[in-house]
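Read top to bottom, the protein sequences are chains A and B.
By the numbering used here, the letter at position 197 of the first sequence is numbered 195, and the numbering carries on one by one without gaps.
By the numbering used here, the letter at position 419 of the second sequence is numbered 417, and the numbering carries on one by one without gaps.
Calculated from the structure, these hints are not laboratory results.
Do not take every clue at face value.
[As the list claims (entries may be wrong)] Label pairs and their calculated CB-CB ranges:
1. B:His122 / A:Asp119: 48 to 58 angstroms
2. A:Ala318 / B:His122: 30 to 40 angstroms
3. B:Asp119 / A:Ala393: 31 to 41 angstroms
4. B:Lys390 / A:Arg0: 50 to 60 angstroms
5. B:Arg143 / A:Lys205: 47 to 57 angstroms
[Said to hold, decoys possible] List of simulated lysine-lysine pairs, DSS-like, C-alpha gap at most 30 angstroms:
6. A:Lys94 / B:Lys14
7. B:Lys32 / A:Lys75
8. A:Lys14 / B:Lys75
9. A:Lys175 / A:Lys227
All figures in this text were calculated on a predicted structure; none of them were measured in a lab.
Built from N, CA and C at the ideal position, the CB exists for glycine as well.
2 protein chains.
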Amino acid sequence: MRQTELFTKTRKEAPKDEVARNAELLIRAGYVYKEMAGVYAYLPLGLRVIENIVGIIREEMDAIGGVEVSLTALQDKKTWERTGRWSDDVVDNWFKTKLKSGAEAGLGFTHEEPLTALMKDFIHSYRDLPRYVYQFQTKFRNEDRAKSGIMRAREFLMKDLYSFSLDAKAHEHFYEKAKQAYVNIFSRVGLGDRTYVTFASGGSFSKYSHEFQTVTDAGEDTIYVHEKKKIAINKEVMTDEVLADLGVTRADLIEKRAVEVGNIFSLGTRFSDAFELAYVDEKGEKKPVIMGSYGIGPGRVMGTIVETLSDENGIVWPKAVAPFKAHLIVLDSKDADATGRNPARKEAERLYAALATQGIEVLYDDREARPGEKFADADLMGMPYRIVVSDKTLASGGYEVKHRATGKTEQLAEKALIDRLGK
Amino acid sequence: MRQTELFTKTRKEAPKDEVARNAELLIRAGYVYKEMAGVYAYLPLGLRVIENIVGIIREEMDAIGGVEVSLTALQDKKTWERTGRWSDDVVDNWFKTKLKSGAEAGLGFTHEEPLTALMKDFIHSYRDLPRYVYQFQTKFRNEDRAKSGIMRAREFLMKDLYSFSLDAKAHEHFYEKAKQAYVNIFSRVGLGDRTYVTFASGGSFSKYSHEFQTVTDAGEDTIYVHEKKKIAINKEVMTDEVLADLGVTRADLIEKRAVEVGNIFSLGTRFSDAFELAYVDEKGEKKPVIMGSYGIGPGRVMGTIVETLSDENGIVWPKAVAPFKAHLIVLDSKDADATGRNPARKEAERLYAALATQGIEVLYDDREARPGEKFADADLMGMPYRIVVSDKTLASGGYEVKHRATGKTEQLAEKALIDRLGK
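Chain A with its partners taken away, still in its complex shape (with noise of 0.2 angstroms):
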């Protein structure tokens, strides 16, 4: 994408009511918009990372087994009555509004009984069992505060999971494999040396729900990590039962700062008992539908990427969700050749042209600006990969080729550019 062609423009404050690192950083370089506190517009390079961290989601939720759908946002008051979460009193975070009627309607913060609900029209027999349904979907929350940027929304998507199984066993066994799908998305996101499976508070089905925390002095959370299980305890619960289960001393523990990036929960029947969700079994014996659920989300996860990632210059994006894996930029050559054009500008032009062919879509800086401007541009808008195409590189017959996450420059010739932007 030529960004010429890119409505959005870096900027060199962010909005003074802005206290977040990460929206700071993604206001500035023109990723998202800030459109009340706790409300944010994604703007075009902003929805490509959101998109990208989305693939990834989806493909590992299919590998699992998961069917996707598209709840509403919209909720009927009589839903929510059946679970005694319609109350302000249990639930403190509701956008409520109301129909020309005069019926209340609330905005959906989480779809446990709206989708326990719709499952009753298509599970009532073993044979119908397990089912794994899954969102991406806005939820609505009315948080008191909104000071962490897109990590705590008051208008964010979430991908919520939700599983219908047979009994306990079969449970276990989804939810195990749901949290190796979760290990796997934020490697793959590009966080996963510093998430930890986090032990958080159970229900009475289940003594213990997982969290996946991500170690960030942004982070709302204190957990204690033992580096060598890979694992982590929220401060919550961290009491010597569970250090016990866990096979744990306290002195293996270290205390951090870190966000909530995802999390898994056994269910149990209390959703499906409220909606009289229940299967009839081999036998002709009625019994209830053991539910899980397991949410994450992708705005939160981005913000938790450039609160962690960034560097005094910028934003650094992981080549996996990075809205384009190299920043082309072009220096106007001093002189114009024999017939009157632009050398360096001639070759961008090629270059970007050349990389589309192989499907390798860059963003490529083609405005008329100063190298300081680009520089500093490229830095904070945190491509993987910069490129620069200049009457100095035009003479080494090469492209300068500098990695973001590293500062590492090379030079590399167009063969070697598309194996490494490939890759």
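Position chain B against the provided structure of chain A, taking the given hints into account.
Chain B in isolation, oriented as in the chain A frame:
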């Protein structure tokens, strides 16, 4: 996809309170689920149809220079007060809600205001124009009645593109390109032959706006169609002056019921004036940006296809939007073969895998069910082709392929079948 892995099932009856033919069929066939009046969840098959329609629209928007973003549902009261559209007296279908602070927020029913405000950050000079920005986003409209199924929902996906042009001439040029893109879209989704560019009321900037009206008795609008010119006039603007403008006479027009599946509108400076969205031209003079808006609802398109193309047996999907190009049905063999296996099922499994290898994903009815049930479900669900594998087809050495739209049946060998589906 195997039907045993699809959690939805067909049903004989739609919910009693469902009066729209499109929702009735879509619910019975397992494409959508009614959450509340005018609020529908999309099940796996329905989501695939929506994604196909979205894909077609996205291609056409990209082809005319559109750049994709994703704005927010939650809307700031202050933004909408600038045009007077916050008031419920001016806009009668707002859904409004409250933040914890007590401040009011709205749920976007359209996005002229927030996008115009946003573009102020990025449009300053004539060099920043033109810009064409679009999104696929959930809109909320508090409809009084909701009796048209997914054709007029309270919550629905909408593609809205907004154009920002230098002057009236540049705007007109893009407007015509967008009009052609819309013609392409309706042709590609299978509604081209019954969709008319319809003259409707304009605004202070432009005498007319243009609606895309698809003829159907389920529509809420009345239009006057000029078959030869392939245009129509909305009843609301049907005057002698308009007839003269278009060079047509009343005698050439036929009154029809129709549904508005898209609309394009010249906004002039209505929003750029309200938000002071201006640019400095080459002479250093400040000028207002000329805007246009271009809307189309994928759900309404889907509902309109069902209303207009279905028959007494169920839905008939055009190939470009069908969730799967074909429905592969196995009728289990009466007798096992020498190895104790069921020859028809063995062959159906082989064909299912062979088609997948060719990149042709079919819906495979691998259920153990009666032939009559499978055939009725296939007709109701509406894939363009039905492929039967049975003892009979095994004996004949080909597959029975039925074209859903025409009812025509042929016997095809594997290669001919792949050619047919790949087209």
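Consistency of the hints with the structure:
{"no.": "1", "hint": "B:His122 / A:Asp119: 48 to 58 angstroms", "verdict": "holds (54 angstroms)"}
{"no.": "2", "hint": "A:Ala318 / B:His122: 30 to 40 angstroms", "verdict": "holds (35 angstroms)"}
{"no.": "3", "hint": "B:Asp119 / A:Ala393: 31 to 41 angstroms", "verdict": "holds (39 angstroms)"}
{"no.": "4", "hint": "B:Lys390 / A:Arg0: 50 to 60 angstroms", "verdict": "holds (59 angstroms)"}
{"no.": "5", "hint": "B:Arg143 / A:Lys205: 47 to 57 angstroms", "verdict": "holds (50 angstroms)"}
{"no.": "6", "hint": "A:Lys94 / B:Lys14", "verdict": "holds (27 angstroms)"}
{"no.": "7", "hint": "B:Lys32 / A:Lys75", "verdict": "holds (15 angstroms)"}
{"no.": "8", "hint": "A:Lys14 / B:Lys75", "verdict": "holds (20 angstroms)"}
{"no.": "9", "hint": "A:Lys175 / A:Lys227", "verdict": "holds (19 angstroms)"}
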